[in-house]
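Participant: The numbering of the sequence shown is my numbering, which starts it at 12 and goes up by one.
Since the hints were derived computationally from the structure, they do not count as laboratory data. Fair warning: this is a prediction, and the values are worked out from it, not measured in the lab. Hints are not guaranteed to be accurate.
[What the hints assert, rightly or not] Only pairs whose alpha carbons sit at most 20 Å apart, straight line, appear in this in silico SDA-like list of lysine to any residue: (1) K106 x K44; (2) K151 x R38; (3) K47 x G31; (4) K47 x D90; (5) K158 x A144; (6) K151 x K44; (7) K158 x K44; (8) K44 x E80; (9) K106 x V79; (10) K106 x R73.
[Said to hold, decoys possible] Distance windows between CB atoms, simulated: (11) R171 x E91: 29 to 37 Å; (12) I177 x R72: 43 to 51 Å; (13) I170 x V145: 46 to 54 Å; (14) I170 x V190: 15 to 23 Å; (15) S172 x I45: 23 to 31 Å; (16) I170 x I45: 34 to 42 Å; (17) V176 x A144: 34 to 42 Å; (18) I77 x K106: 14 to 22 Å; (19) A144 x R72: 41 to 49 Å.
Just so you know, even glycine gets a beta-carbon here, dropped at the ideal spot from N, CA and C.
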Amino acid sequence: MRDLHDTGWIEVICGSMFSGKSEELIRRLRRAKIAKQRVVTFKPAMDDRHDEDNIVSHDDRRIESIRVEDAAEILDHVDETTDVVGIDEGQFMGKELPAVCEQLADRGVRVIVAGLDQDYLGRPFEPIPQLLAVAEYITKTLAVCMKCGRPANRTQRIIRSDERVIVGASETYEARCRVCFDPGEAEPERV
């Protein structure tokens, strides 16, 4: 049982696609498990790219997870024995994510969230900016620009669509640096 004076905190791992966010999340969660901490991990139900029951990084590292529709549902799966909560693809968890993370941290839980901080147009991708404002620790990951090799912090959509959210991987997006990023550029949709 946790002491009333125990305190939790919020860690955010953010950046573009292909920058190692999920890989870093998995690394931190595995270290917590090695330390015999009780870890519960979540991913959004809409993310069905790799595996329904695991968070999977682009380099195929994986960790078991629970699929949820939104951040509020996370609270249904966390009890007083939970030490660490991991959340992948935080940008898809809804506007309640910062409040849920704060509630968990106030209960003494270490909360680690990975997510995109910008959408395909380079705009802040809610609720990650709001989460950054209340987090104790922030890690900004960078990818490698697929055009020039510079450090990349943007996600370039390479198919045409006006939808803000399209779940995809290398067939839909690539990492770009500030110079090579062009939100107006996209190839015709591939069939």
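Participant: Run the structure past the numbered hints and jot down the numbers of the failing ones, going up.
Facilitator: Violated: hints 1, 3, 5, 6, 7, 8, 10, 11, 12, 13, 15, 17, 19.
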